[in-house]
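*Asks:* Let the hints inform the model, and build the full structure from the sequences given.
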Amino acid sequence: MNSAGAALTIISLTVAIGSLVGFLARYHHKMDLEQWTVGGRGFGLVLVWLLMAGEIYTTYTFLGASGWAYSRGGPVLYILGYGPLMYVVSFFILPPVWELGRRHKLQTQADFFQVRYDSTVLAAFVALVGVVCLIPYLEIQLTGLGLIAEVASFGAIQRTPAMIIAFALVAAFVFVSGVRGVAWVSVIKDLLLVFAAIFVGFAIPHIYFGGIGPMFAALVRAKPNHLTMPGPTQDLGHTWYLTTVLLAGLGFYMWPHFFAASYTAQSGKVLRRNAVIMPLYGLTVPLMLFVGFSAVLVLPGLSNGDLSLLAMVRKTFPAWFLGIIGGAGALTAMVTAAIQLLTGATLYAKNLFRPLLAPGMSDEEVARVARIMVLVLSSGAVLLAIYSSLSLVSLWLLGSAGVAQFFPGVVLGLFSRRVTTSGVFAGMAVGISVALFLMLTHRDPYHGLNAGIIALCFNFFTAGVVTVLTPRPVVRFHDTIPAFAASQPEDQASPEAL
Amino acid sequence: MKRPSLGAILLGLIPFTASCFSVALWDRVYPMVLGLPFNLFWLILWLLLTPLCLWGAYRLEEPADRDPRSQQGGAR
Numbered sequence: 010m011n012s013a014g015a016a017l018t019i020i021s022l023t024v025a026i027g028s029l030v031g032f033l034a035r036y037h038h039k040m041d042l043e044q045w046t047v048g049g050r051g052f053g054l055v056l057v058w059l060l061m062a063g064e065i066y067t068t069y070t071f072l073g074a075s076g077w078a079y080s081r082g083g084p085v086l087y088i089l090g091y092g093p094l095m096y097v098v099s100f101f102i103l104p105p106v107w108e109l110g111r112r113h114k115l116q117t118q119a120d121f122f123q124v125r126y127d128s129t130v131l132a133a134f135v136a137l138v139g140v141v142c143l144i145p146y147l148e149i150q151l152t153g154l155g156l157i158a159e160v161a162s163f164g165a166i167q168r169t170p171a172m173i174i175a176f177a178l179v180a181a182f183v184f185v186s187g188v189r190g191v192a193w194v195s196v197i198k199d200l201l202l203v204f205a206a207i208f209v210g211f212a213i214p215h216i217y218f219g220g221i222g223p224m225f226a227a228l229v230r231a232k233p234n235h236l237t238m239p240g241p242t243q244d245l246g247h248t249w250y251l252t253t254v255l256l257a258g259l260g261f262y263m264w265p266h267f268f269a270a271s272y273t274a275q276s277g278k279v280l281r282r283n284a285v286i287m288p289l290y291g292l293t294v295p296l297m298l299f300v301g302f303s304a305v306l307v308l309p310g311l312s313n314g315d316l317s318l319l320a321m322v323r324k325t326f327p328a329w330f331l332g333i334i335g336g337a338g339a340l341t342a343m344v345t346a347a348i349q350l351l352t353g354a355t356l357y358a359k360n361l362f363r364p365l366l367a368p369g370m371s372d373e374e375v376a377r378v379a380r381i382m383v384l385v386l387s388s389g390a391v392l393l394a395i396y397s398s399l400s401l402v403s404l405w406l407l408g409s410a411g412v413a414q415f416f417p418g419v420v421l422g423l424f425s426r427r428v429t430t431s432g433v434f435a436g437m438a439v440g441i442s443v444a445l446f447l448m449l450t451h452r453d454p455y456h457g458l459n460a461g462i463i464a465l466c467f468n469f470f471t472a473g474v475v476t477v478l479t480p481r482p483v484v485r486f487h488d489t490i491p492a493f494a495a496s497q498p499e500d501q502a503s504p505e506a507l
Numbered sequence: 014m015k016r017p018s019l020g021a022i023l024l025g026l027i028p029f030t031a032s033c034f035s036v037a038l039w040d041r042v043y044p045m046v047l048g049l050p051f052n053l054f055w056l057i058l059w060l061l062l063t064p065l066c067l068w069g070a071y072r073l074e075e076p077a078d079r080d081p082r083s084q085q086g087g088a089r
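If you read the sequences in order, they're chains F and B. In the working numbering, each residue carries its 1-based index in the first sequence increased by 9. In the working numbering, each residue carries its 1-based index in the second sequence increased by 13.
Check each hint, because a few of them may be wrong.
Claimed, not checked - So these bits of chain F aren't anywhere near chain B, every CB distance computed over 12 Å:
id, residue
1, SER28
2, LEU33
3, ILE144
4, LEU255
5, VAL307
6, ASN313
7, ASP372
8, LEU392
9, PHE470
Said to hold, decoys possible - From the structure, some residues in chain B lie toward chain F, with a derived Cβ separation under 8 Å:
id, residue
10, THR30
11, PHE34
12, ALA37
13, PRO44
14, GLY48
15, PRO50
16, ASN52
17, LEU53
18, LEU56
19, ILE57
20, TRP68
21, ALA70
22, GLU75
As the list claims (entries may be wrong) - If you anchor each label on the Cβ, the simulated ranges turn out as follows:
id, chain 1, residue 1, chain 2, residue 2, range
23, F, LEU445, B, LEU19, 34 to 42 Å
24, F, SER371, B, LEU19, 41 to 49 Å
25, B, PRO76, F, ILE286, 46 to 54 Å
26, F, ASP244, B, GLY20, 33 to 41 Å
27, B, GLY20, F, PHE163, 53 to 61 Å
28, B, PRO76, F, LEU289, 18 to 26 Å
29, F, GLY389, B, ARG41, 43 to 51 Å
Because the hints were derived from the structure by calculation, they are not lab data. We put the CB at the ideal spot given by N, CA and C, even for glycine.
*Replies:* Take a look at the structure:
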């Protein structure tokens, strides 16, 4: 068997085992809408960790971190910078989000807005923005899958058929087993990814330079500016780092699929403890960076930085090992894509289709529409990934700046009694317009500032002004939302007194 | 669900200050620590220290399982 054959066999085996686990995960669980979308709200610490890690450490971390280390140098540190900060944010906002979700049986991010702000139109708007922002994210996973298949087959397999096969599998296991399938496939993928990262991250600098220290010493000698900001780029300096890390840290859990993943937990406490330990999982990221930095000296002149990890592995190790790395990468892309499909489809069926077109639908019918949407969205994403090529990264940036505009609505909704529906709606609309304008006119970064953070400032400001101008809302919540908790006598006792 | 305590919020602000706002202070190559450029070392250090801050915040927020609802999901 030639080396391409060996690598591809192992990738296919990994993907096959992963998919099998995804299909088997539905055993003993009746797949109604509740089980399919939020796993019956019964996930403990380990499954929530695996689900969240599986969703968060995507192809973008795996191939993109080494890619940016290779092509952009110092600015890649933003990935390490925002990682822990998003868990700090999740520590404070996810438990009350979970609490409200449990009380009102919420399944999607738009449901949160529906219940908190009592507005179907606002919820539908959030759902629409969420689905639109998810599509470029979905495309990134597909493109990652395509890159892996191409490199691992030494060019023998075209990107397109590889993407179609992998995506058909993803759609099938989401269709059958929902979020539980995704969590269990994450188990396999995480084991492989951690193993791959540790091994490759230490081995590659050791083989070419005799260790990580000597590798950095050689890199500093050859390219003294590569390791600090702005590195080889011109506009990614300290202001950019600060604003981008802030936006990513605050906005990360605003992605509809991360937000909705919090509903799978069996208690708010699980989410808190998860936030405490999750930053440790980020220790695999520096290992990916070591590979990208090594590639700067070992493989100069790659056309696409995102290829640096796979190209280094292919150059250094036997083909079967490239197969393992490729398999881990492929499963990573599939897990992420699966949860994004699941979220997008549920958002569409539950918060757009039902309230606007078919108000009388039962939950079973919503589940059916959502499953059909899984197939529609996956075919759509495949078509987009095949026919649109260049601006993936800019689309992704647009997506994350877009979802970050939910942040004021969520935070004010949890911690302010005064905020009004019109305030949040107006702020969100202004924020999204500003983000769109700056990005579509290529003004990101704008005077060194991340465009999304500028939009977020406009968003908060508008929400504040409109809230002050609109009448005080009628209080309807009691102890589920922190802003209303002070009225509860039991909560007035200080923790120290107990 | 109660509001987070001031102590927990302050503990949460520490990682933000250390790995975001103070970037101009630590974004340099020297001194290299454990063979790593200083900026990379600093951020890896905060991957380890952030859980400590959040653990402190956790102790403040969930003192002694006094809410019976949160026990069913269960620590022990």
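*Asks:* All the hints need checking, so say for each whether the structure fits it.
*Replies:* Do the hints match the structure? See the list:
1. SER28: At roughly 30 Å from the nearest Cβ of chain B, SER28/F sits farther out than 12 Å, so the non-interface label holds.
2. LEU33: The claim holds: LEU33/F sits with its nearest Cβ about 25 Å from chain B, beyond 12 Å.
3. ILE144: Label holds. Min Cβ-Cβ 29 Å, cutoff 12 Å.
4. LEU255: violated, 6 Å
5. VAL307: holds, 18 Å
6. ASN313: holds, 24 Å
7. ASP372: holds, 24 Å
8. LEU392: The assertion about LEU392/F holds, with a minimum of 39 Å to chain B.
9. PHE470: holds, 21 Å
10. THR30: Constraint on THR30/B not satisfied, violated at 10 Å.
11. PHE34: The hint holds - PHE34/B has a Cβ within 8 Å of chain F, the shortest such distance being about 7 Å.
12. ALA37: holds, 5 Å
13. PRO44: violated, 12 Å
14. GLY48: With Cβ-Cβ at 2 Å, under 8 Å, it holds.
15. PRO50: For PRO50/B, the interface hint holds, since the closest Cβ of chain F sits about 5 Å away, which is under 8 Å.
16. ASN52: holds, 6 Å
17. LEU53: holds, 7 Å
18. LEU56: It holds, given that the least Cβ distance between LEU56/B and chain F is near 4 Å, below 8 Å.
19. ILE57: holds, 6 Å
20. TRP68: holds, 5 Å
21. ALA70: holds, 6 Å
22. GLU75: With Cβ-Cβ at 6 Å, under 8 Å, it holds.
23. LEU445/F - LEU19/B: 34 to 42 Å: holds, 37 Å
24. SER371/F - LEU19/B: 41 to 49 Å: At 46 Å between Cβs, range holds.
25. PRO76/B - ILE286/F: 46 to 54 Å: violated, 20 Å
26. ASP244/F - GLY20/B: 33 to 41 Å: Holds, at about 39 Å.
27. GLY20/B - PHE163/F: 53 to 61 Å: holds, 57 Å
28. PRO76/B - LEU289/F: 18 to 26 Å: Holds - the Cβ-Cβ distance for PRO76/B and LEU289/F, about 24 Å, lies within 18 to 26 Å.
29. GLY389/F - ARG41/B: 43 to 51 Å: Roughly 46 Å apart at Cβ, these two residues keep to the hinted range, so it holds.
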